[in-house]
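S.K.: So the protein sequences, as listed, match chains A and B. The first sequence begins at 1 in this note's numbering and counts up by one. The second sequence begins at 1 in this note's numbering and counts up by one.
Keep in mind that the hints were calculated from the coordinates and are not lab data. Where is the CB? At the ideal position from N, CA and C, for every residue including glycine. Any given hint could turn out to be false.
[Stated by the list, open to error] Computed footprint of chain B on chain A; a stretch qualifies when at least three of its residues, placed anywhere within it, have a C-beta under 8 Å from a C-beta of chain B:
| hint | segment |
| --- | --- |
| 1 | 36 to 43 |
| 2 | 46 to 57 |
| 3 | 73 to 79 |
| 4 | 160 to 174 |
| 5 | 180 to 193 |
[Stated by the list, open to error] Derived lysine to any residue pairs resembling SDA-like cross-links, with alpha carbons at most 20 Å apart:
| hint | chain 1 | residue 1 | chain 2 | residue 2 |
| --- | --- | --- | --- | --- |
| 6 | B | K69 | A | G34 |
| 7 | A | K29 | B | K172 |
| 8 | B | K69 | B | A136 |
| 9 | A | K29 | B | P73 |
| 10 | B | K69 | A | R86 |
| 11 | B | K172 | B | L245 |
| 12 | A | K29 | B | E213 |
| 13 | B | K69 | A | I191 |
| 14 | B | K172 | B | T209 |
| 15 | B | K69 | A | L73 |
| 16 | B | K69 | B | D52 |
| 17 | B | K69 | A | S40 |
| 18 | A | K29 | B | A181 |
| 19 | A | K29 | B | K69 |
| 20 | B | K69 | A | A38 |
| 21 | B | K172 | B | A193 |
| 22 | B | K172 | B | S236 |
| 23 | A | K29 | B | L245 |
| 24 | A | K29 | B | S236 |
| 25 | A | K29 | A | S40 |
| 26 | B | K69 | A | E74 |
| 27 | B | K69 | A | T151 |
[Claimed, not checked] With the Cβ distance kept under 8 Å, some of the chain B side facing chain A (calculated, not the full set):
| hint | residue |
| --- | --- |
| 28 | A13 |
| 29 | D18 |
| 30 | P203 |
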Amino acid sequence: MQPVPDAAAGAPLAGAAAAAGPDLGGLLKLSARGDTVAFSQLYDATASRIHGLVVRVVRDRAQAEEVTQEVFLEVWRQSGRFDPERGSALSWLMTIAHRKAVDRVRSAEAASRRDVAYEQHNQVPDHDVTAEAAHASLEARRVRAALTHLTTVQREAIELAYFGGYTHTEVAALLDLPVGTAKTRIRDGLIRLRDTIGVGR
Amino acid sequence: MTDQDHALSGAYAVDALDDLERARFEAHLSNCPDCRDEVDGLREASALLGIDAVEPSPALRAAVLAGIKDIRPLPPILEEPEVRDELAERRTRRLLSRVPLLVAAAVVLLLAVGTAWVRPWSEETTPGQGPQLSPAEQIIAAADATSVEKHFPDGAVATIVHSRSLGRALIKTEDMPPAPAGKVYELWFQTPAGEMVRAGLMPPLRDQTFPLEGDGSRAVGVGITVEPAGGSDQPSAEPIAYFPLT
């Protein structure tokens, strides 16, 4: 028997977390014990991905930064609650981020963000797109390829719900679907996405 | 549960439920391991959608790392979700087995306050019949008291203790988050005919013991719904929790 090299010690994470990088689950575990250095590594490894999602949903840059800050404080607070049996660490982080972003856009004071802020965001990209695009391109290609396996309605329903922050009832109205069918489109589409990319169970 | 409940798993995974639907679905999730697994898998899939990276400002990093210094990470949840239902059952049995002890405690309490009847201000104390216990104490002390416990996915626990002979019930909550803004939790007795009869509005407290209003002598169950502030005369949605009574 050969000794197992260190590099193999961390089991590869499925799907979302497949990109090479630190063991996010391990960093969460250390964070739960109060390890601020581990948490800062977790932040560095995931902040741009989390913030990308929050910006996409919230759109207004200033509000998005507030939300991302709330997300990471919540991640720190909840770090001991992460259960690797139930999914990848990145998915857990994205779930927290998405919920906070959706809460923000649904709250009353954000009612006007959809028009003004979106234009600003799209006209002034103030981050280094190239490097990030290269980093994300491989995974992005996989996801885009998987999305082509969805029907148009499934894809539209998922995008309106996930990035638009709309409820399934609102999605049905936006897509002129009969009441109660958008939730089925969202579920069917996510199941197909899950099975095509091979994440989850 | 019905297909209707399962059908919400996708919308739940992408936060596309309104507050009421979410509360109801989470109540369903606490009893449905299949749905929990499905939600986990669908969240894994939806997390892939957010592939655009945007670097936050350096000031944000500093603010986060400064902010965590004031926050204590929560302890891990020690229960395995898969055995939670079994644990809940065991806990219910344990609580049930404790009911006689509670009776004993009530007797002690009764002895302790028994001397109070001579005091002039304890008019409500009727000599010969023993002192009055609070409604909650009476329910817990009743010989036929039974309890039903419900665990929510966020860790909140609600327990109904019911005495058919007294026709009364109480709800005890632990760490139960308040209803969404502008809403209240309303309690209902279900009659043998299936009707829901108002049994009061829960005070907005996380931890409390609250005696239900009205006659529960024939009730077959207790339900909690989320209603607009002030409550409703009829439940406006399916209960977020339902406690069958024996």
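S.K.: Against each hint, give a clear statement of whether it holds in the structure.
M.R.: Now for the hints, and whether the structure bears them out:
1. 36 to 43: holds (count 4)
2. 46 to 57: holds (count 8)
3. 73 to 79: holds (count 5)
4. 160 to 174: holds (count 9)
5. 180 to 193: Coverage by chain B holds for the segment 180 to 193 of chain A (10 residues, Cβ < 8 Å).
6. B:K69 <-> A:G34: holds (9 Å)
7. A:K29 <-> B:K172: violated (34 Å)
8. B:K69 <-> B:A136: violated (42 Å)
9. A:K29 <-> B:P73: holds (11 Å)
10. B:K69 <-> A:R86: Violated - the C-alpha atoms of R86 of chain A and K69 of chain B are around 28 Å apart, more than 20 Å.
11. B:K172 <-> B:L245: Since the Cα atoms of K172 of chain B and L245 of chain B sit roughly 15 Å apart, the hinted pair holds (cutoff 20 Å).
12. A:K29 <-> B:E213: violated (46 Å)
13. B:K69 <-> A:I191: violated (40 Å)
14. B:K172 <-> B:T209: holds (4 Å)
15. B:K69 <-> A:L73: holds (10 Å)
16. B:K69 <-> B:D52: violated (30 Å)
17. B:K69 <-> A:S40: Holds. K69 of chain B to S40 of chain A sits at ~12 Å (cutoff 20 Å).
18. A:K29 <-> B:A181: violated (34 Å)
19. A:K29 <-> B:K69: Since the Cα atoms of K29 of chain A and K69 of chain B sit roughly 17 Å apart, the hinted pair holds (cutoff 20 Å).
20. B:K69 <-> A:A38: holds (14 Å)
21. B:K172 <-> B:A193: violated (26 Å)
22. B:K172 <-> B:S236: violated (23 Å)
23. A:K29 <-> B:L245: violated (42 Å)
24. A:K29 <-> B:S236: violated (43 Å)
25. A:K29 <-> A:S40: holds (13 Å)
26. B:K69 <-> A:E74: holds (13 Å)
27. B:K69 <-> A:T151: Cα-Cα ~47 Å, so violated.
28. A13: With a minimum Cβ separation of about 6 Å from chain A (threshold 8 Å), the hint on A13 of chain B holds.
29. D18: holds (5 Å)
30. P203: Constraint on P203 of chain B not satisfied, violated at 25 Å.
Comparing the model with each numbered hint stated earlier shows that hints 7, 8, 10, 12, 13, 16, 18, 21, 22, 23, 24, 27, 30 do not hold.
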